[in-house]
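**Q** Chains as they are written, first to last, in this note's numbering: chain A, 1 to 234; chain B, 1001 to 1389.
Simulated from the structure, these hints should not be mistaken for laboratory data.
A virtual CB, placed ideally from N, CA and C, is assigned to each residue, including glycine.
Heads up, some of the hints might be wrong.
Keeping only pairs whose Cα atoms sit at most 27 Å apart, straight-line, the calculated DSSO-like set for lysine-lysine is [claimed, not checked]:
1. B:Lys-1349 x A:Lys-197
2. B:Lys-1316 x A:Lys-73
3. A:Lys-197 x A:Lys-207
4. B:Lys-1316 x A:Lys-207
These stretches of chain A come out as covered by chain B in the derived footprint (C-beta under 8 Å, 3 or more residues) [stated by the list, open to error]:
5. 72-80
6. 184-196
Spelled out from the first residue to the last, the chains are:
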Amino acid sequence: MSSPDTDTLAADAPASDEAAADEAAEALADRLRAALGDALVESCTRRATHWIRVRRDGWADLAGRLRDDEGFKFFNFLSAIDWLPSPFGREMDSAVDNALSPPEPAGPAEIATGAAGGDSRFQLLARVNDPATGRSVIAKTDLPDDDLSAASWVPVYSGADWHEREAWEMFGIDFRGHPGLRHLYLPGEFEGHPLRKDYPLLARRVKPWPGLVDVEVLPEPDEPDRPDQGGASS
Amino acid sequence: MTVTERQQLSYIAAQAADARVNLEIETEGMTLNIGPQHPATHGTLRIVAKLDGEQVVSAEPVMGYMHRGYEKLAEVRTYPQVTTLINRIDWLGSFANEVPFILAAEQLMEVEAPPRAQWIRTILFELSRIANITLFLGDMAVQVGAITPVFFAFRDREHVLNQIEAVTGGRFHPNFDRIGGLKDDLPAGWIDETRQALRKIRSFCDQIEELVEGNEIFQARTRGIGVIPAEVGLSYGLTGANIRASGVDWDLRRDNPCGLVYDQVDWKVWTHPDGDSFARFWVRLQETREATKIVDQLLDGIPAGPIMAKVPVIIKVPPGEACVETENPLGMMGYYVVSKGDLFPFRVKIRSASFSNVSITPWLLKGVYVPDIITILGSLYFILGDIDR
């Protein structure tokens, strides 16, 4: 929004909503902390989204608590994030894109994790909702590099079945207690885990990306408002 | 009752029902391969069904025939370029795919689209819903052997596609949503034409109601078939009309509109208590009517003003994580976007509706008869691009 009046208006209304949401999230984190002990590592809210991070040994317990005690009946998704900065850098960009925004010089590949922190390369990520109240929470857990495995959520949320199969083939994460980890999308003889950052995007190697070929001109900032055609007045 | 208990019970019941017959005629189990190229699978979904007589013992969907790896591809594309990819997820309601991704990027950039853009976004969002579900309404009749309604569906969907094309230039892949607003404003005379198109859609809904809904054969083939209890549906991640047909009153348009202006109009969320194939059809029919009402009201009050907020020409999204979900034609669609402050997203997790909606089929198809596989799959309503991504 451009005008100062609307700015304050827009900022006021969500602020109270957000405060209420933050309070609810904090209360949820406290209840979970009481139930799980120090397995709950961190809880944070930003823009009305709530993240919690648990130790890996509390992952299965967390699912049960969320569904049975907290009413998060709806299973939204489960996936993973590979926090390793891509070792390929910007080498697969086209020359045109590089000219627009020159790639930063390759520094040491440090792993920086996002919301609710983390201390390993691979992080599991799952989201559950409560349809009755509209609450939702995103759960994360760190997986150590030498043992990429976690307890399966299938006994609690049946829908986790396919999501875990996808994470297994795309990231190489093993789920203990899953009824049948087999390929979901990729052919059976496929080698490697495509969504890992160190798995190159082979299509770009075969045929380089053409880059910016069609430039779209954005509207000028000072352009007068267009006449309202058939809006409220018609 | 937990899922596994119910699974076991339905299987035992199925076995017991056929045991006597099988004893007399000594049938053996057989494996039936449906698809990947079968009209009832809406693309290239393959279902391997193990049968005992006419009854399904186990059914296992096999997909990946159309997997395009959008999550990997999105990592090497700039934010505006990603919308071109995600247009192809649910190709019948493409504009609706773009919106949650753009909203997630806007959330990270702390940009808000001007009111006019929000209204037009919502209108186009609902028009793509109509274009998408119209086809389902005709197609569902085809699943039970009635051919005519699908021609009506294609005929009347065209009116809506024309309106989408008039604004965006694309019938199927608009690629029209931008971070901070929309690419362009509405063309002159569009609002009146859209009202006419909506009238045609409403009369199409009436036609479907007369032709299909009350039809005895249709009712016999769908009532009480493929019943999904709410609890089970939620644990499998079912969304959209599939879960509302099981009596769960949950619609993100009302509960978390998230940058779209559904709170400005008067409308209703339809639910059905039965949870069977018929309920899913009925809810979608009501939703199409409701969508025409939403668009009609929105057309009355489009605010004046710009359609783009001030955004830099080269879009770099500040570091952070955002998760935005919207109520798309097929169900809840969400993007989990991780940014590291670069031109490209660091990771994009696409939560597509059909993927979760279809994941219930191994449970749901257990114990049903072969012809019901077709109506159940039809009533779950999935788009292959939305499963395989």
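**Q** Each hint needs a verdict: does it hold in this structure or not?
**A** Verification of the supplied hints:
The hinted pair formed by Lys-1349 (chain B) and Lys-197 (chain A) meets the criterion: a straight-line CA distance of about 14 Å does not exceed 27 Å. The suggested pairing of Lys-1316 (chain B) with Lys-73 (chain A) is violated, with an alpha-carbon distance near 37 Å, which exceeds 27 Å. For the given pair, Lys-197 (chain A) sits about 20 Å from Lys-207 (chain A) by alpha-carbon distance, which is consistent with the 27 Å threshold. At most 27 Å may separate the alpha-carbon atoms for a hinted pair to count; Lys-1316 (chain B) and Lys-207 (chain A) meet this at roughly 26 Å.
Counting residues of the region 72-80 of chain A whose C-beta lies closer than 8 Å to any C-beta of chain B gives 6; at least three are required, and the coverage claim holds. Counting residues of the region 184-196 of chain A whose CB falls under 8 Å from any CB of chain B gives 6; the rule of at least 3 is met.
Hint 2 from the list above is the single one not met by this structure.
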